[in-house]
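Protein sequence lines, in the order shown, are assigned to chains E and D.
Quick note: the first sequence uses our numbering, first residue 443, plus one each step.
Quick note: the second sequence uses our numbering, first residue 8, plus one each step.
Simulated from the structure, these hints should not be mistaken for lab results.
For every residue, glycine included, the Cβ atom is placed at its ideal position computed from N, Cα and C.
Any given hint might turn out to be false.
Unchecked claim - Ranges between beta-carbon positions, derived for each pair:
#1 D/W103 x E/T457: 27 to 33 Å
#2 D/G102 x E/I501: 40 to 46 Å
#3 D/P70 x E/I501: 38 to 44 Å
#4 D/T16 x E/N600: 42 to 48 Å
#5 D/G102 x E/T547: 48 to 54 Å
#6 E/R601 x D/V54: 34 to 40 Å
#7 E/N498 x D/A113: 27 to 33 Å
#8 D/V78 x E/L485: 33 to 39 Å
#9 E/N498 x D/I31: 18 to 24 Å
#10 D/L68 x E/D488: 43 to 49 Å
#11 E/A598 x D/D114: 55 to 61 Å
#12 E/T491 x D/V95: 14 to 20 Å
Said to hold, decoys possible - Covered stretches of chain D (chain E as the covering partner; in silico rule of three or more C-beta atoms under 8 Å from a C-beta of chain E):
#13 22–31
#14 66–80
#15 98–112
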Amino acid sequence: MRPIATTRSTAGLPTGLLAVWWVVVSEIVIFGGLLASYIMHRLAHDAWTAEAAHTNTWIGAFNTFVLLTSSLTAVLAHQAAEQGNGRKAARLLWMTVGGAVTFVTVKAIEWTTEIQAGYTLTSSTFWSFYYTAAGLHALHVIAGAIIMIFVATAAAKNRELHRVELIGIYWHFVDVVWIFLFPLLYIAK
Amino acid sequence: MSDEHAHHTNYVKIWAILLVLLVISVLGPMLEIRVVTLITAFGIACVKAYMVVKNFMHLNLAPRFVTYIVVTSLIFMLLFFAGTAPDVMQHEGSGWEKPAWKQAAADHAAGVTGGHGEHH
Numbered sequence: 443m444r445p446i447a448t449t450r451s452t453a454g455l456p457t458g459l460l461a462v463w464w465v466v467v468s469e470i471v472i473f474g475g476l477l478a479s480y481i482m483h484r485l486a487h488d489a490w491t492a493e494a495a496h497t498n499t500w501i502g503a504f505n506t507f508v509l510l511t512s513s514l515t516a517v518l519a520h521q522a523a524e525q526g527n528g529r530k531a532a533r534l535l536w537m538t539v540g541g542a543v544t545f546v547t548v549k550a551i552e553w554t555t556e557i558q559a560g561y562t563l564t565s566s567t568f569w570s571f572y573y574t575a576a577g578l579h580a581l582h583v584i585a586g587a588i589i590m591i592f593v594a595t596a597a598a599k600n601r602e603l604h605r606v607e608l609i610g611i612y613w614h615f616v617d618v619v620w621i622f623l624f625p626l627l628y629i630a631k
Numbered sequence: 008m009s010d011e012h013a014h015h016t017n018y019v020k021i022w023a024i025l026l027v028l029l030v031i032s033v034l035g036p037m038l039e040i041r042v043v044t045l046i047t048a049f050g051i052a053c054v055k056a057y058m059v060v061k062n063f064m065h066l067n068l069a070p071r072f073v074t075y076i077v078v079t080s081l082i083f084m085l086l087f088f089a090g091t092a093p094d095v096m097q098h099e100g101s102g103w104e105k106p107a108w109k110q111a112a113a114d115h116a117a118g119v120t121g122g123h124g125e126h127h
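Pulled out of the complex, with its shape left as it was, chain E reads as follows:
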């Protein structure tokens, strides 16, 4: 393994990389607790099947496609950064930001439709879980996109290229969370 980062190194990998993995591990506990709670409630309530039937599988599937594609551009940006091509890495990161914007826009349209139909945060425990889990995930998408803008701006000038990998790992984790949210909220009906 030949990391890009040449700054301080602890535990055999660059400090920034170690920090991002700790962030990911912390996030696993946060989302894991939320999803575990959802699963145990879902298994205990057959009635939730009827409530889950109101979520739109096709919108969920489209957003899964968007996030998987944005993960591709993120890892290609990392590859470009490894090759020292900051401009290409920046371009790919901007495409990833585009994926984030698309995801949040679709999510906003979806929520608007559901709220107008009467399914709100306080409608029932199912919808409370739905908006909390998807909302927390959407906040992570927005945060990742904002960070990515800063990383892309620096990368375009061939500066701080190691950060491309760091934001990429975070972004892939956000993708992984959605990979589990999708069947739980949209398919299990």
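Got chain E; can you put chain D on it based on the hints?
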């Protein structure tokens, strides 16, 4: 990420496989067979997550202890589930009950939908 790994990994191919798995996870549950739904929705979700973690996050290229801390966090999640599920998933126990949950279960069994405002 090593140069060799970067050279050999075809990210577009992995992305294409992920999309095929996505299609299967959407179409499988349409058969409305419980086992097929579990496999195509949740089984494939696990496969997709593994592919992303391995090929995009390059967990396999990180020092071994990174895998250990990731697995530890997953174990914490399982401990949380195992410790709380026995109470949360029951509608009643020794000296306690959840009237709202029991009512909701009875309503569901009787075919009462409850509308948007139900709390259970």
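Results of checking the hints against the structure:
The hinted window of 27 to 33 Å between D/W103 and E/T457 is violated, with their beta carbons roughly 50 Å apart. Between D/G102 and E/I501 the Cβ separation comes to about 45 Å, which falls inside the hinted range of 40 to 46 Å. D/P70 and E/I501 have their C-beta atoms about 39 Å apart, which keeps the hinted 38 to 44 Å range intact. Between D/T16 and E/N600 the Cβ separation comes to about 23 Å, which falls outside the hinted range of 42 to 48 Å.
For D/G102 paired with E/T547, a C-beta distance near 51 Å keeps the hint of 48 to 54 Å intact. Distance hint for E/R601 and D/V54: a CB-CB separation of about 37 Å, consistent with the stated range 34 to 40 Å. Range check, E/N498 to D/A113: Cβ separation about 29 Å, and the 27 to 33 Å hint holds. Under the hint 33 to 39 Å, the C-beta atoms of D/V78 and E/L485, about 24 Å apart, miss the expected range.
Between E/N498 and D/I31 the CB atoms are about 19 Å apart, so this pair conforms to the stated range of 18 to 24 Å. Judged by the Cβ atoms, the range 43 to 49 Å given for D/L68 and E/D488 holds: they are separated by roughly 44 Å. At roughly 58 Å, the beta-carbon separation of E/A598 and D/D114 lies within the given 55 to 61 Å, and the hint holds. As the Cβ distance of E/T491 to D/V95 is approximately 18 Å, the hint placing it in 14 to 20 Å holds.
With 4 residues having a beta carbon nearer than 8 Å to a beta carbon of chain E, the stretch 22–31 of chain D meets the requirement of three or more and the stated coverage holds. Judged by the Cβ-Cβ criterion of 8 Å, the stretch 66–80 of chain D is covered by chain E as claimed, because 9 of its residues qualify and three suffice. Evaluation of the coverage hint for the stretch 98–112 of chain D: fulfilled, as 4 residues show C-beta separations to chain E shorter than 8 Å, against a requirement of three.
Hints 1, 4 and 8 from the list above are not met by this structure, while the remaining hints are.
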